[in-house]
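Q: Listed below, chain by chain, are the residues.
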Amino acid sequence: MITAGIDLGATYSKVVILDDGKVVGKGISKTTLEPEESVEKALNAALQEAKIDKGQVERTGVTGSGRRAIKDADVVATDVTADARGAYHLDKEVKTVIDVGGEDARAVKVGENGKVINSAVNDKCAAGAGAFVEAMSRAMQLSLEEFAEASLKSTQEIPINAQCAIFAESEVVSLISDETPREDICRAVHDGIADRITSMAKRVLVEEKVGLMGGAVMNKGLVESIREGLGLDPIILPDPLFVSALGIALMAADQED
Amino acid sequence: MVEKKYKTAPLKSWDKAKEIRLNIYKEIAEAKSKGKVLLGGGAESLIALPTGFDYAMLVGEPYGAAISYLAKSDPDEYMKYVEASEHAGYPRDLCAYMRNYIGSILRDKYVFGGPFPKIDFYLQAGFCDTHSKWYQAVSDITGRPYFSLDLVPFDWEIEGESEKTKDLKRKYIVDQIHEAIAWMEKQTGREFNDETFIQGVLNECESTSLWAKVCIANRAIPAPLDEKTMLSLYVLAVIGRPRNDVVEFYRELLDEVEDRVANQIAANPYETARIITDSQPPWFALDLFRLLETYGVVSVGAHYTFGLSGGWEYDEENKTWEAGKTPQEKGVEVKTRDEAANVLADWWLRTGTVCRGVRHSGAGKIQRIMDMVDRWKVDGAIVHLNRGCEGTSLGQMDIVSSLLERGLPTMTYEGNHADPREYDENRTFARIESFMETMGLKQLYEFKKGE
Amino acid sequence: MINDFIDVYKNRHDYAKDWKKKNPDSKVVGYMCSYFPEELFYAAGMLPVRILGSHEPQNVTEPYIFGMYCPFSRDVLAQGLQGHYDYLDAVSTAYPCMHLGQAFDSWTLHVTQKKFYVDMPNRVQTPYAVPFLTGRLEETKQEIEEWIGREITDSDLKEAINVYNENRALLREIYEMRKADDVPLTGTECMYITTASLFMDKKDANKLLKETIENELKGRKAKTADDTRLMVLGSENDDIKFLNMVEEFSAVIVTDDHCTGSRYFWNPVEEQDDPIQAIAQRYIDRPLCPQRDYPERKRLPYLLDMARDWNVAGIIALQQKFCDPHELDKVALLDWFKENDIPTIYLELDVTVPIGQFKIRVEALLERLREDELW
Amino acid sequence: MAEMEEQTIEYWRWDEGNWKNPDMDFKDAEILTAGIDVGSVSSQAVIMADGELFAYGNTRSGYNSRDSASNVMNMALEAVPGLKLEDIHYVVGTGYGRVRVPFANKAITEIACHARGANYMYGPKVRTIMDMGGQDLKAISCDERGKVLNFVMNEKCAAGTGRGMEVMADLLKVPIQKVGEMSFQVEKEPPPVSTTCVLFAKTEALGLLKNGWSVPKVLAAYCSAMAHRIYGVVKTVDVKKEFVITGGCAKNSGIINRLEKELGFEIYKDTKVDTQLAGAIGAALFGKALYEKSKKK
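Protein chains in written order, with this note's numbering: chain A, 5 to 261; chain B, 530 to 980; chain C, 3 to 377; chain D, 6 to 302.
So here's chain A without its partners, still in its complex pose:
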């Protein structure tokens, strides 16, 4: 059976095409104010990769913060459930999933068969992980890759209080005007965010194995800071951007008629 999993996120729309449980195509596009169009784009890209016609898709599942915008899906579920399902499929031993997106970070405790045991999402004054790194790299006049690389070269820890991203930003500005080495600032930003993410994750009572997913985990510097913050050795789930889309595609396939 061919199913499509759509993850309509705040920043990106992601689509995974499954053929009998095997990923045959993936597509992504930036989420615009016309979510249906964004999904269409990502879906077409995925179908193209899979060399499958739209008509061949038997079932569709949709998740992500924008899921309500997509009508006529066979399965609709929240990210939490899709995260757990996708992660479980990729690695049966994963007990905790940490999803670091552009605006939100989330931790999901995974139980038997990929069922959710509990979950936590960041609260007020602690949002915007990926977006914050982007803003900071812009302030530092570095590309995201350069920013991540620089942070790995840092030689000292500088504590910044990242509870409010905007105030953290002005701490960064102070560091800049104090002529703190660039590498150390980059690391401070990652450490600050990682503190917030791991604090939140600890609320679900983190158990190993920990799987990381979401767009922001492609940032090696951030992952290193998360690793240190957890005091555990998390793995990065394959194709970390597409785990939710995979999860919802699987749920669509699982669904009984």
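Simulated from the structure, these hints should not be mistaken for laboratory data.
Be aware that one or more of the hints could be misleading.
Derived lysine to aspartate or glutamate pairs resembling EDC-like cross-links, with alpha carbons at most 20 Å apart [said to hold, decoys possible]:
1) B:Lys-971 - A:Glu-260
2) D:Lys-245 - C:Glu-341
3) D:Lys-240 - C:Glu-341
Just a few of them, taken from the derived set where beta-carbon distance is under 8 Å, the chain D residues facing chain C [what the hints assert, rightly or not]:
4) Met-29
5) Thr-114
6) Met-158
7) Gly-269
These numbers were taken from a predicted model, which means no experiment stands behind them.
Where a beta carbon is used, it is the ideal one built from N, C-alpha and C, also for glycine.
Put chains B, C and D on the given structure of chain A with help from the hints.
A: Only chains B, C and D this time, still in chain A's reference frame:
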């Protein structure tokens, strides 16, 4: 449409509750013209204390909540209250009840109509950091005198507090009750009537004991009451528990609720899962209970809802809490002012769980929550991380961790009981949706925003 | 000498562990609030040490304490959860406030089980507070006796009171020296001294204080009359980094009202027949935390007297972010100093000090106080 | 995997550029002073001839404050053929990077400089100044000379600062210069967004758009929330009707008009000078006074 599992019926006591509540607020507005003593203070203020006078009392917390309701019907008007206090320099993360209340004074606007009532004096039991200082700030603004009674609560029973400590605490409060009475007589120039005071004290015990019994009735499956309804019912005890009409109301309510239990009349006809919540709800956004209903979820109560108006007595043998036995039930005769003071102090210290929970969290508060989970047969918990009330959020995170360790599905959301700017309905609803999936529940019918 | 205090401040845990080695039969008890009646524990041969934060960001407290509780209470709990206070035999507090009380409750659940809790009354303005606290202290004394298996005698208590009173007198002496035009020590140095003494055996501290006063401070000029004289006040503050930053701008902090500073040691135990009652009376009468300053406002005139006695030009009020008792005094305090014509700025402390954001506020205050320079 | 699209337009950027007063010649001046305001978001350099605005440069701040200071100073100098840095008698640095201006004689806070600058721009009547920077809100009260009497800054929450407006402009793809104007293209003023937290406002705005709100309506709701928030900070100093706004935000009529409604009076807008220059102007004026003082000694 899914089929209903249980029959349901509107609650008959509802209208009466509303009537008494509005009456009380009307009496406050008219108090001065009727020659009554008018005082202000908080809900946990041993509010039987002023019953020795012909009096009316504006109780601060429900009043602050009443202002926050405006956020739903008239957001611009609401903002004028809260901003008045912020513009005067009161920081935004202080108790939202207090900020609304101060805004009301600064605007000289009574939310039920007319100018803010001319309060003779303020009386407050200092049981949380904010309450003690709240009326000091109000006294700064209004110039009206303020008496604060230091309320040092008992610790949770599990801590094995000694009888000697308890005696000391009782005596400390009794001494201050006498001090307060002398002070009030001086402020008002009126004589304190011991007879009406004794009746007020007995009423305070009875109202709160009756409310605990109503909560206990909610252990039944299906639950006869949901929390949203309970919030409208317990408030009478909050603002008027020493009153005769309030005692009478709770007697009738208990009868009706027990009748519903006997006839399996449900609050939610689809009841499939039962939860408890924690802390005050965001008063202006009770729709979240409505959303839960669409999943067949009934909230059977909260430590706050049960405890603020409830008198709960610890049952050493079964390690649980039951409705407190009133002096009347125990056959204790109360004849003098001093006896009444002792009964009031003892009742409060022994049976008041919210006040205790604001001072002591730890193992005791966790035990109380677990007791609710067991006795009310709860399947999940939703914890409101209340940025507006740090007293009720005491121990919350430890409670959440304990519930999770126990394997009970538990969700948190951040908000504020009386400041809508700190509550994000969309995000909260999204979380509830995930949580419902986690609990394995399906939405049974479409959610519609409430009136 | 000052450097020795700096050493204890920085290596507070080593100090306590060394003390324990030297006193193998004695116990170390951590406490959380300056209302804690240390004398009782010292009389029992114990070392009371104040639990303070480390000013480092952490990710361990979120499952146990709500993020809207003050950064200090979260930082304190983090110390326990991270195992920095593993040498404690008991944890204790006098009722502080909801936030620190939460840190205490969580600490007893997850870190140290043995605890002492004193129901410190809030309304110290009632005449019934002293008898109540006396009663509670008598019980605390009994609890300690049961724990250590011996009696605490009146002479133990009197001895402890003497040691603590001497410590208070010596610290007061240093504060008196700061009244001079050319101040012998900076506010930063003084903060090291007062804060370090929170961790020290008061006998050691007294010896060191005497030496420091005699051999280091007398005749010393750390700052001159040209430096702008400031007072800091507010909630718990051992933010060395902040004080240091302020004093870099030709300013000097000459006095303070913090529970880790003057509020901790200001008044001695006055002698009475019953030493327990004398101790209770001392804690009831001590300089107030806003948490306990009601219904009457007694703290404000006290602060004004202090500001005048130490001849300060401006005030920096610092409170822990989300500290309700301080916030509830904010309006009254700012109005009060405005009426009394002392320029005041109001800042909120967090776990780390946002130096950049604070610099501008402090510099702008100093520009105001030193207007001759610009105008 | 399909390509991610690159976003190239920076909607949040303010204009950059330089200017010289065509009616003045620096050779006529006795004292030339400069004020350099190195802010977290943008930097300005102002050159004043005997206390009159003569030339300026205005640009985005870079990562390095020293470079930002030099760049913006060069920009201002470039507007004046023949003028060199050495010709300038006294330079004062202000703003976040004030101590990093390599060629400055002194650093002064932007609080003092904005008050002084506003006094120059709007005259001695000014008593209250609101400076809305990238991450700070500063409400300043001053006397007839532009001397600071009191000031208040936002605490604990960055809600309502300029950075938030940038994020919103970026999100809605509206150039920041147009935000104000566009926010009035609504039939009826919507209620303010409930949160001014920059990060949460973003999700709230997306939600509103999904509910069918137009972009102008969202902007209106956001501007009015910002106005509320700013009003809250301003109210805690003694607000006088002689009120001006400095900084980039003063150019956003969407906030200003709504703030005026809250204040119940009109804000002074009567100046020909770009409001973003206030800090640098104040700094240059202090530079003149300090230079004169140093000569007297």
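Q: If a hint holds in the structure, say so; if it doesn't, say that too.
A: Verification of the hints:
| no. | hint | verdict |
| --- | --- | --- |
| 1 | B:Lys-971 - A:Glu-260 | holds, 15 Å |
| 2 | D:Lys-245 - C:Glu-341 | holds, 19 Å |
| 3 | D:Lys-240 - C:Glu-341 | holds, 18 Å |
| 4 | Met-29 | violated, 26 Å |
| 5 | Thr-114 | holds, 5 Å |
| 6 | Met-158 | holds, 6 Å |
| 7 | Gly-269 | violated, 23 Å |
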